[in-house]
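Student: For reference, the chains in residue letters:
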Amino acid sequence: MDELGRRLAEGDEEAFTEVVERFSRQVFALCYRVLRDTEEAKDMVQEVFTRVYLKRESFKGRASVYTWIYRIALNLCFTHLKRRKAETIPIEDVAYRLAVDADGPDSRLEELRGIVGRMIEALPPRQRMVFVLRFYEKMSFKEIAEVMKTSVGSAKASYHFAIKHLRQLVSGGENLEA
Amino acid sequence: MKHDYHPDSDELIDLVDGVLEEERRRWILEHLKVCSQCSAYVRSLEATLDMLARDEVPQIEPAFFTYLATRIRAQVQKPTWRRVLLAPGLAAAAIAALLVFVLYAPSPPELDQLDLIMADMTTQELIESMGDDLGYEVLASDTSEELFSMEEYFQGETAYDLLEGLSPLERQHLVEEIEKILQSETSGSNIHWGC
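Chains as they are written, first to last, in the working numbering: chain A, 3 to 180; chain B, 471 to 665.
Read the hints as simulated data drawn from the structure, not as lab findings.
Keep in mind that a hint or two might mislead.
Stated by the list, open to error - The calculated SDA-like cross-link candidates involving lysine to any residue, where the alpha carbons are at most 20 Å apart (straight line), are:
{"no.": "1", "chain 1": "A", "residue 1": "K166", "chain 2": "B", "residue 2": "L490"}
{"no.": "2", "chain 1": "A", "residue 1": "K44", "chain 2": "B", "residue 2": "E526"}
{"no.": "3", "chain 1": "A", "residue 1": "K44", "chain 2": "A", "residue 2": "F80"}
{"no.": "4", "chain 1": "A", "residue 1": "K140", "chain 2": "B", "residue 2": "L519"}
{"no.": "5", "chain 1": "A", "residue 1": "K158", "chain 2": "B", "residue 2": "D478"}
Stated by the list, open to error - Quick list of simulated restraints, FRET-style, between CB atoms:
{"no.": "6", "chain 1": "A", "residue 1": "E23", "chain 2": "B", "residue 2": "V489", "range": "45 to 53 Å"}
{"no.": "7", "chain 1": "A", "residue 1": "D4", "chain 2": "B", "residue 2": "D474", "range": "47 to 55 Å"}
{"no.": "8", "chain 1": "A", "residue 1": "G63", "chain 2": "B", "residue 2": "Q545", "range": "24 to 32 Å"}
{"no.": "9", "chain 1": "B", "residue 1": "Y475", "chain 2": "A", "residue 2": "R8", "range": "35 to 43 Å"}
{"no.": "10", "chain 1": "B", "residue 1": "R541", "chain 2": "A", "residue 2": "G13", "range": "16 to 24 Å"}
Beta carbons are placed, not taken as given, at the ideal position from N, Cα and C, and that holds for glycine.
Take the sequences, apply the hints, and build the full model.
Tutor: Encoded structure:
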């Protein structure tokens, strides 16, 4: 167990503050990338670190503090996405909206954010999380497998599915294999 | 090098992702020079990922991060039964938890049985026994934060403790609320809470 993890597990209040300062921005970025909603991402960050605070003495140090926190964040995001399942936008709608948006000026940040948001929201929760971890967080598949408690092969397969799904949205559906 | 077959789409994704082994990468790059279909696929992958890469996380007020640890400590260290139950969402959730417990019992239990069941069952178990979907639907009135807070506050406490921890006025209010809902849901079944 690293020094910070040991102090955190011992209930050291300064260690908790240090953990929050070190990781909260990253956790916010992760939650935003997955949830695509600023306010929900802020609520989630608070929820993640509340759980870290309450469970810190059960931290065993088998994974790094960073991995442990990411795992908590992903579990909470996954549960949240499952609750939002009914609101998932059908792929046809996303493709249609992307086509409509493409007619307008796409250089503005907000519009791009909207387009990307709709694309990512079209991914099933698991693919969405793997895609975010790999593409935006630059994690290796080994790290993703560790954080998501899955195999490297499964993480890689989810990433491939996600990429194909996203490409299909942009390219209008033709497949290489077809 | 022969190019009489195409790499599959997974390999092309790996190529763009930069995780292909060097020998395979060289073969595919050579293949792309002579295969318009595969090179078009790679271009569309790159265009898609390029668009996604331009997306940025929105900036939020720095104070949110500055005082996060302090806010969490304040939130976690303060809760008491009174505070929990005065929060409208949690009060509703507490009522709902007890209501669901009674409604899902096989038949309305007698006073002594109810006390015994509740004394033996932690509220955490009660919530878990509802299953994820029902638990969220019934308990997380607004946010999963509320559900989580509720689970944490109730951990290790029995449902009976929940009632015991209230002032007489709060207890009476809670029981009245539950009975009111039960009256409408179960055509006037009369359940006593022993408090």
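Student: Is the straight-line distance between the alpha-carbon of K158/A and that of D478/B 20 Å or less?
Tutor: Holds - the C-alpha atoms of D478/B and K158/A are around 15 Å apart, at most 20 Å.
Student: Go ahead and decide if the range 24 to 32 Å is satisfied by the Cβ distance of G63/A to Q545/B.
Tutor: Distance hint for G63/A, Q545/B holds at roughly 26 Å.
Student: Can you confirm whether the C-alpha distance between K44/A and F80/A stays at or below 20 Å?
Tutor: holds, 16 Å
Student: In this structure, is the beta-carbon distance linking R541/B and G13/A contained in 16 to 24 Å?
Tutor: Since the Cβ atoms of R541/B and G13/A sit about 19 Å apart, the hinted range of 16 to 24 Å holds.
Student: Checking one constraint from the list: CA of K140/A to CA of L519/B, max 20 Å. Satisfied?
Tutor: holds, 13 Å
Student: Is 45 to 53 Å a correct range for the gap between the Cβ atoms of E23/A and V489/B?
Tutor: Since E23/A and V489/B have Cβ atoms about 33 Å apart, the given range 45 to 53 Å is violated.
Student: Hint says 35 to 43 Å; check whether the CB-CB distance for Y475/B and R8/A agrees.
Tutor: violated, 54 Å
Student: Is K44/A within 20 Å of E526/B, Cα to Cα?
Tutor: holds, 16 Å
Student: Holds or violated: the 47 to 55 Å window for the beta-carbon distance between D4/A and D474/B?
Tutor: The hint (47 to 55 Å, Cβ to Cβ) holds, given that D4/A and D474/B are roughly 52 Å apart.
Student: Hey, K166/A versus L490/B, does the alpha-carbon distance stay inside 20 Å?
Tutor: holds, 17 Å
Figure legend: structure checked against the earlier numbered hints; hints not met, in rising order: 6 and 9.
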